[in-house]
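Protein chains: 2
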Amino acid sequence: MQPPDTLSTTFAALADPTRRAILARLSQGEASVSDLSKPFSMSAPAVTKHLKVLQRAGLISQSRQAQWRPCKLQAKPLMEAADWVAQYRQHWEERLDRLEDYLQTLQTDIPTTGTPTKENIP
Amino acid sequence: MQPPDTLSTTFAALADPTRRAILARLSQGEASVSDLSKPFSMSAPAVTKHLKVLQRAGLISQSRQAQWRPCKLQAKPLMEAADWVAQYRQHWEERLDRLEDYLQTLQTDIPTTGTPTKENIP
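As given, the protein sequences belong to chains A and B, one line each in that order. With this note's numbering, the residue at position 78 of the first sequence is 78, and numbering never jumps. Position in the second sequence counted from 1, then plus 1000, gives you this note's numbering.
Same shape as in the complex, but just chain A (with noise of 0.2 Å):
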């Protein structure tokens, strides 16, 4: 079995919401990973598994400093996959042209007597 190509690697890690909140946490700034298990209700050995994915990923690094391991977003796999998905742009404006065109339609629709004019104004 082959291993896993990179974009099915970074579509597979952002495919759960704590990682993808880790991810929103790490772009206001670099974070130790107690400061990354605190907003979740869970354990730092599940905290830890969750970086592990993302790094395996490409998502983050963890770099070695005296004191603390900050975690670091990582953001070239997210570029890969924002090409990947923007290839298909044209299919979802070609739909909410749609959605805005029938949009259009019903407003024609909509009967206006009763609307105020300048005739019927007392």
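If you're looking for bench data, these hints aren't it; they were derived computationally from the structure. Keep in mind that a hint or two might mislead.
Unchecked claim - When the alpha-carbon atoms are kept at most 20 Å apart in a straight line, the in silico EDC-like pairs for lysine to aspartate or glutamate are as follows:
id, chain 1, residue 1, chain 2, residue 2
1, A, Lys76, B, Glu1094
2, B, Lys1052, B, Asp1005
3, A, Lys72, B, Asp1097
4, A, Lys76, B, Asp1097
5, A, Lys52, A, Asp16
6, A, Lys76, B, Asp1101
7, B, Lys1076, B, Asp1005
8, B, Lys1076, A, Asp101
9, A, Lys52, A, Asp35
10, A, Lys76, B, Glu1093
11, A, Lys72, A, Asp16
12, B, Lys1072, B, Asp1016
13, B, Lys1076, A, Asp97
14, B, Lys1052, B, Asp1016
15, B, Lys1076, A, Asp83
16, A, Lys72, B, Glu1094
17, A, Lys72, A, Asp35
18, B, Lys1076, A, Glu94
19, B, Lys1072, A, Asp97
20, A, Lys49, A, Glu30
The hints should help you fit chain B onto chain A, whose structure is shown.
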């Protein structure tokens, strides 16, 4: 255990190269399960399993027509995934800027001796 949220389901569905290839094929237009199976060296049931994952994630729909049941790309979950990833754009743009600055430094440091100038061209 809570059911997975929409974004997690989308990212999990995208975390497979065959499923991404199926979406790429469907971005060209509707296709039957047998059309979708052709490019892959896998059985129809294996492809059907992937289609079920994509369908559960709302990434494709399968309509019922007289002769065939074509699969169709549904772009809404991709738009939501793109929106989520786009939050991190600033981070990869900063990264690209730093790389560009570094490249600039390297180019400035290249010694210019030997480069033809007005004076040393015979």
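How the hints compare with the structure:
no., hint, result
1, A:Lys76 with B:Glu1094, "11 Å, holds"
2, B:Lys1052 with B:Asp1005, "17 Å, holds"
3, A:Lys72 with B:Asp1097, "18 Å, holds"
4, A:Lys76 with B:Asp1097, "13 Å, holds"
5, A:Lys52 with A:Asp16, "13 Å, holds"
6, A:Lys76 with B:Asp1101, "17 Å, holds"
7, B:Lys1076 with B:Asp1005, "15 Å, holds"
8, B:Lys1076 with A:Asp101, "17 Å, holds"
9, A:Lys52 with A:Asp35, "16 Å, holds"
10, A:Lys76 with B:Glu1093, "10 Å, holds"
11, A:Lys72 with A:Asp16, "18 Å, holds"
12, B:Lys1072 with B:Asp1016, "18 Å, holds"
13, B:Lys1076 with A:Asp97, "13 Å, holds"
14, B:Lys1052 with B:Asp1016, "13 Å, holds"
15, B:Lys1076 with A:Asp83, "17 Å, holds"
16, A:Lys72 with B:Glu1094, "14 Å, holds"
17, A:Lys72 with A:Asp35, "12 Å, holds"
18, B:Lys1076 with A:Glu94, "11 Å, holds"
19, B:Lys1072 with A:Asp97, "18 Å, holds"
20, A:Lys49 with A:Glu30, "18 Å, holds"
When each numbered hint is compared with the structure, no violation occurs for any of them.
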